[in-house]
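Q: As a plain string of letters, each chain reads:
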Amino acid sequence: MLLGERPSPGPFLIVDDLNVVFILISTLVGFTTSVFSRSYIAHELEVGHLTHAYLRFYHAMYQTLMFGMNLALLANNIGLMWVAVELATLTTVLMVGIYRTPAALEAAWKYFLLGSVGIALALFGTILVYLAARAVVGEGLDAMAWHILVANAAGFDPALLNLAFVFLLLGYGTKVGLVPLHAWLPDAHAEGPTPISAVLSGLLLNVALFAVLRFKSIMSSNPAALAPGPLMVTLGLASVVFAAFMLYRRQDIKRLFAYSSIEHMGVITFAFGMGGTLANFAGLLHMVLHSLTKSAIFFCVGHVAQVKGTQRMAEIRGLTVSHPTLGWSLGLGVVAIAGLPPMGLFMTEFLIVTTTFARAPALAIILGVALLVGLGALLLRLNGLAFGDPDGRSDPDTASFLPIGLHLAIVLAAGIWLPPALVAWFQYVASLLN
Amino acid sequence: MSPNDPLMTSLALDVAHLFAGGLVVVSFMLLYQDRMTAVINIFALHALVVSLSVAWQAAIQDAPHLYITAAIALVVKAVVIPLALHRIVMRLGIHRTIEPVVGTGLTMLAGIGLVALSIMVMLPITQQAGTLAREDLSFALSVILLGLLLMISRRNAVSQVIGFMSIENGLILAATAAKGMPLVVEISVAFSILVALIVIGIFLFRIRERFETVTSTCSTSTAGNSRERHLAAAGSGPRCRAACADRR
Numbered sequence: 001m002l003l004g005e006r007p008s009p010g011p012f013l014i015v016d017d018l019n020v021v022f023i024l025i026s027t028l029v030g031f032t033t034s035v036f037s038r039s040y041i042a043h044e045l046e047v048g049h050l051t052h053a054y055l056r057f058y059h060a061m062y063q064t065l066m067f068g069m070n071l072a073l074l075a076n077n078i079g080l081m082w083v084a085v086e087l088a089t090l091t092t093v094l095m096v097g098i099y100r101t102p103a104a105l106e107a108a109w110k111y112f113l114l115g116s117v118g119i120a121l122a123l124f125g126t127i128l129v130y131l132a133a134r135a136v137v138g139e140g141l142d143a144m145a146w147h148i149l150v151a152n153a154a155g156f157d158p159a160l161l162n163l164a165f166v167f168l169l170l171g172y173g174t175k176v177g178l179v180p181l182h183a184w185l186p187d188a189h190a191e192g193p194t195p196i197s198a199v200l201s202g203l204l205l206n207v208a209l210f211a212v213l214r215f216k217s218i219m220s221s222n223p224a225a226l227a228p229g230p231l232m233v234t235l236g237l238a239s240v241v242f243a244a245f246m247l248y249r250r251q252d253i254k255r256l257f258a259y260s261s262i263e264h265m266g267v268i269t270f271a272f273g274m275g276g277t278l279a280n281f282a283g284l285l286h287m288v289l290h291s292l293t294k295s296a297i298f299f300c301v302g303h304v305a306q307v308k309g310t311q312r313m314a315e316i317r318g319l320t321v322s323h324p325t326l327g328w329s330l331g332l333g334v335v336a337i338a339g340l341p342p343m344g345l346f347m348t349e350f351l352i353v354t355t356t357f358a359r360a361p362a363l364a365i366i367l368g369v370a371l372l373v374g375l376g377a378l379l380l381r382l383n384g385l386a387f388g389d390p391d392g393r394s395d396p397d398t399a400s401f402l403p404i405g406l407h408l409a410i411v412l413a414a415g416i417w418l419p420p421a422l423v424a425w426f427q428y429v430a431s432l433l434n
Numbered sequence: 001m002s003p004n005d006p007l008m009t010s011l012a013l014d015v016a017h018l019f020a021g022g023l024v025v026v027s028f029m030l031l032y033q034d035r036m037t038a039v040i041n042i043f044a045l046h047a048l049v050v051s052l053s054v055a056w057q058a059a060i061q062d063a064p065h066l067y068i069t070a071a072i073a074l075v076v077k078a079v080v081i082p083l084a085l086h087r088i089v090m091r092l093g094i095h096r097t098i099e100p101v102v103g104t105g106l107t108m109l110a111g112i113g114l115v116a117l118s119i120m121v122m123l124p125i126t127q128q129a130g131t132l133a134r135e136d137l138s139f140a141l142s143v144i145l146l147g148l149l150l151m152i153s154r155r156n157a158v159s160q161v162i163g164f165m166s167i168e169n170g171l172i173l174a175a176t177a178a179k180g181m182p183l184v185v186e187i188s189v190a191f192s193i194l195v196a197l198i199v200i201g202i203f204l205f206r207i208r209e210r211f212e213t214v215t216s217t218c219s220t221s222t223a224g225n226s227r228e229r230h231l232a233a234a235g236s237g238p239r240c241r242a243a244c245a246d247r248r
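Quick note, the sequences are listed as chains D and Z, same order. Numbering follows the working numbering, with no gaps: position 363 of the first sequence is 363. Numbering follows the working numbering, with no gaps: position 192 of the second sequence is 192.
Keep in mind that a hint or two might mislead.
[Claimed, not checked] Here are the simulated SDA-like cross-link-like pairs (lysine to any residue), alpha carbons at most 20 Å apart as the crow flies: (1) Z:179 <-> D:9; (2) Z:179 <-> Z:67; (3) Z:179 <-> D:382; (4) Z:179 <-> D:372; (5) Z:179 <-> Z:123; (6) Z:179 <-> D:136; (7) Z:179 <-> Z:79; (8) Z:179 <-> D:142; (9) Z:179 <-> Z:55; (10) Z:179 <-> D:57; (11) Z:179 <-> D:64; (12) Z:179 <-> Z:63; (13) Z:179 <-> Z:9; (14) Z:179 <-> Z:71; (15) Z:179 <-> D:11; (16) Z:179 <-> D:23; (17) Z:179 <-> Z:45; (18) Z:179 <-> Z:93; (19) Z:179 <-> D:139; (20) Z:179 <-> Z:86.
[Claimed, not checked] Chain Z is nowhere near these chain D residues, computed Cβ spacing over 10 Å in every case: (21) 116; (22) 120; (23) 130; (24) 139; (25) 159; (26) 162; (27) 305; (28) 350; (29) 373; (30) 405; (31) 417.
[Unchecked claim] Just so you have them, the derived chain D footprint on chain Z, three or more residues with Cβ under 8 Å: (32) 72 to 84; (33) 182 to 196.
These are computed hints drawn from the structure, not numbers from a lab. Note that the Cβ used here is the ideal one computed from N, Cα and C, for glycine as well.
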């Protein structure tokens, strides 16, 4: 249905070129994560972290989360999209707190409060967009439908749109994890079950970013309204710089990669904020590859935490010696996420920095330096984790390497050779975002 | 009522503004309470005012679906949730404890500033939106900002939840003021689920505290003092912070 004949947009749902990219990636990662969940959660049951009742609850919530995210992506109605994002948020809150430890409950509570406030601000922005549209389109569902909003945005009251976009950017930006609204993100990643960290980083952040992109295209269809680019560039750059330096101070392995997610969401927001076909193309591809890489890393990290019985990096050493497959997969994942060649993320980061250099050299220098700083931190940590003499507890791993291998293979392939059809398709979507 | 009757129309608008302005006043009342039970009672009043306001909008806009929103606000937020919160507060023995971060006077001054800000922001840019939406939106933004102020100026989990629920009342006011907005009912249902989950969340903290099932640095460092433990559960106890700092 998604790749063949497109149904015409209905009052509630829409399939267009932009959301097909997001849906494909979220379905793929959602599926591989559920494969990973199976071995991960089986181990958690074995060691008694979870009971059977919670297992059923977990799987029910996981499917609800997938439903919420896909509904948000497919929604043709700004109100429906808001409800779907809220549904996805609530299910992840429940899953972050599933271990019932004080730290997990604290993380869930923090995520809950910050996420709900963010989502409340986003709703206010949504109401303002409706008000702006009502004056032009008339009352009712039409004034909330994407395709009608974008087509008529030129006639909307610019002042109302400006205010709405500020609320929407802050609201959905909280969910993207942009600095300074990121406080919930490291806790939620570190304390919940690892499959949830993988879908949070890999998918839910993308869904929130997708919402921002939709509203950005309304803003840019109105010439009198504020240009949304500089706002997104500022927030994105702040996230990259902040996260790159924070990476050095992490002691918990899942927190480390949570901060790395903040960094990469910053890069993607920055790229979309810069705009232009090339930057949009790089941003879109970076988002897809980041989802794949980060979820693969979290799969590895989940197994590492299980075989070592800890998430503290000081107690994890010499993985390539004690668990070769796991250690080298983690190493490959970190090399990819740090943006080193030949992995795909190197190419997209290179594209983003070079296109920025042509238009705003000062920003490109800041971005490039921050990326190098982040790379240093990740390689430093990888050295400690993967090499040296293994010590501490070391259980045999029962991991299924299929999801990890699949994700990393796609990322590697993207770095070496992209099929021309895929490039053409992404370029077309990128040009639509202008 | 006939919408063409000028006297009735202006009366209808006046009553709508009365309710919306009343909501702002009740938001201010939330800011200076120093006992937990009083905060919960004032919140029930807040929900009552918002449900009256929505019901009035339903009448003057000829929008019967808004009566559902009003009924949800009345039953869930003015009756069920305050009762549940009262029970939690009594069980935990925290009915006297409100921990403001800054003094009440300063909070009130900040609140006045926020109301002025929201009126100055909203009135000029909503010229085309019609009289009703115009004033109601600036009142709604005031209520939202005051709710945020309440959330950041208190350390207790229950006060933070009440701050959040007052934000939500402000949003419902805004959504009903935007005449003809679809999905208002769905949005209020979604919000009610959210709030119900928050209250269940507090219940879970309470259960955890009663049975003392967990033994980690966080709960042992704050054991023995129910207030401290409650704060630890909310993730805002300073001693818990210190105890948990090494995890980061």
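Q: State for each hint whether it applies.
A: Here is how each hint holds up against the structure:
The hinted pair formed by residue 179 of chain Z and residue 9 of chain D fails the criterion: a straight-line CA distance of about 24 Å is larger than 20 Å. In summary, the hint linking residue 179 of chain Z to residue 67 of chain Z is supported, as the alpha carbons are separated by about 14 Å, within the 20 Å threshold. Under the criterion of a C-alpha separation no larger than 20 Å, the hint pairing residue 179 of chain Z with residue 382 of chain D is inconsistent with the structure, at around 57 Å. With a C-alpha separation of about 52 Å, the suggested pairing of residue 179 of chain Z with residue 372 of chain D is violated against the 20 Å cut-off.
At most 20 Å may separate the alpha-carbon atoms for a hinted pair to count; residue 179 of chain Z and residue 123 of chain Z meet this at roughly 17 Å. A C-alpha spacing of about 14 Å is found between residue 179 of chain Z and residue 136 of chain D, which places the hinted pair at or below 20 Å, so the restraint holds. The suggested pairing of residue 179 of chain Z with residue 79 of chain Z is violated, with an alpha-carbon distance near 27 Å, which exceeds 20 Å. Using a Cα cut-off of 20 Å, the hinted pair residue 179 of chain Z and residue 142 of chain D holds, with the two alpha carbons roughly 14 Å apart.
A threshold of 20 Å between alpha carbons decides the hint, and for residue 179 of chain Z with residue 55 of chain Z the separation of about 13 Å falls inside it, so the pair holds. For the given pair, residue 179 of chain Z sits about 40 Å from residue 57 of chain D by alpha-carbon distance, which is inconsistent with the 20 Å threshold. The suggested pairing of residue 179 of chain Z with residue 64 of chain D is violated, with an alpha-carbon distance near 32 Å, which exceeds 20 Å. Proximity of residue 179 of chain Z to residue 63 of chain Z is assessed by CA-CA distance (about 9 Å); at most 20 Å being required, the pair is judged to hold.
Between residue 179 of chain Z and residue 9 of chain Z the alpha-carbon distance is near 15 Å, which keeps this suggested pair within the 20 Å criterion. As the CA atoms of residue 179 of chain Z and residue 71 of chain Z are separated by approximately 19 Å, the hinted pair is consistent with the 20 Å bound. As the CA atoms of residue 179 of chain Z and residue 11 of chain D are separated by approximately 19 Å, the hinted pair is consistent with the 20 Å bound. The hinted pair formed by residue 179 of chain Z and residue 23 of chain D fails the criterion: a straight-line CA distance of about 33 Å is larger than 20 Å.
Between the alpha carbons of residue 179 of chain Z and residue 45 of chain Z the distance comes to roughly 25 Å, so the proposed pair goes past 20 Å and is violated. For the proposed pair residue 179 of chain Z and residue 93 of chain Z, the alpha carbon gap of about 44 Å is over 20 Å, so the pair is violated. Under the criterion of a C-alpha separation no larger than 20 Å, the hint pairing residue 179 of chain Z with residue 139 of chain D is consistent with the structure, at around 8 Å. Among the hinted pairs, residue 179 of chain Z with residue 86 of chain Z is inconsistent with the structure: their alpha-carbon atoms are about 36 Å apart, more than 20 Å.
Annotated as non-interface, residue 116 of chain D brings its C-beta within 10 Å of a C-beta of chain Z; the closest such distance is 6 Å. The Cβ of residue 120 of chain D sits about 5 Å from the closest Cβ of chain Z, inside the 10 Å cut-off, so the non-interface label is violated. Consistency note on residue 130 of chain D: stated as away from chain Z, yet its beta-carbon is not over 10 Å from all of that chain's, at 5 Å minimum. Once the 10 Å rule is applied to beta carbons, residue 139 of chain D is inconsistent with being away from chain Z; the minimum gap is 3 Å.
Not every C-beta of chain Z lies more than 10 Å from that of residue 159 of chain D, the closest at about 4 Å, which undercuts listing it as non-interface. Separation of residue 162 of chain D from chain Z is inadequate, the least Cβ-Cβ distance of about 8 Å not exceeding the 10 Å criterion. Non-interface call for residue 305 of chain D relative to chain Z: holds, since the shortest CB-CB distance, roughly 14 Å, exceeds 10 Å. For residue 350 of chain D, the shortest C-beta to C-beta distance to chain Z comes to about 32 Å, beyond the 10 Å cut-off, and the non-interface label holds.
Every C-beta of chain Z lies more than 10 Å from that of residue 373 of chain D, the closest at about 19 Å, which supports listing it as non-interface. Remark: the non-interface label on residue 405 of chain D is consistent with the geometry, its nearest Cβ contact in chain Z lying 31 Å away (cut-off 10 Å). No beta-carbon of chain Z comes within 10 Å of the beta-carbon of residue 417 of chain D; the shortest separation is about 41 Å. Only residues whose beta carbon comes within less than 8 Å of a beta carbon in chain D count, and the segment 72 to 84 of chain Z has 0; fewer than three means the coverage is violated.
Under a criterion of three residues with beta carbons nearer than 8 Å to beta carbons of chain D, the stated coverage of the segment 182 to 196 of chain Z is upheld, 7 such residues being counted.
Violated hints for the displayed structure, listed by number in ascending order: 1, 3, 4, 7, 10, 11, 16, 17, 18, 20, 21, 22, 23, 24, 25, 26 and 32.
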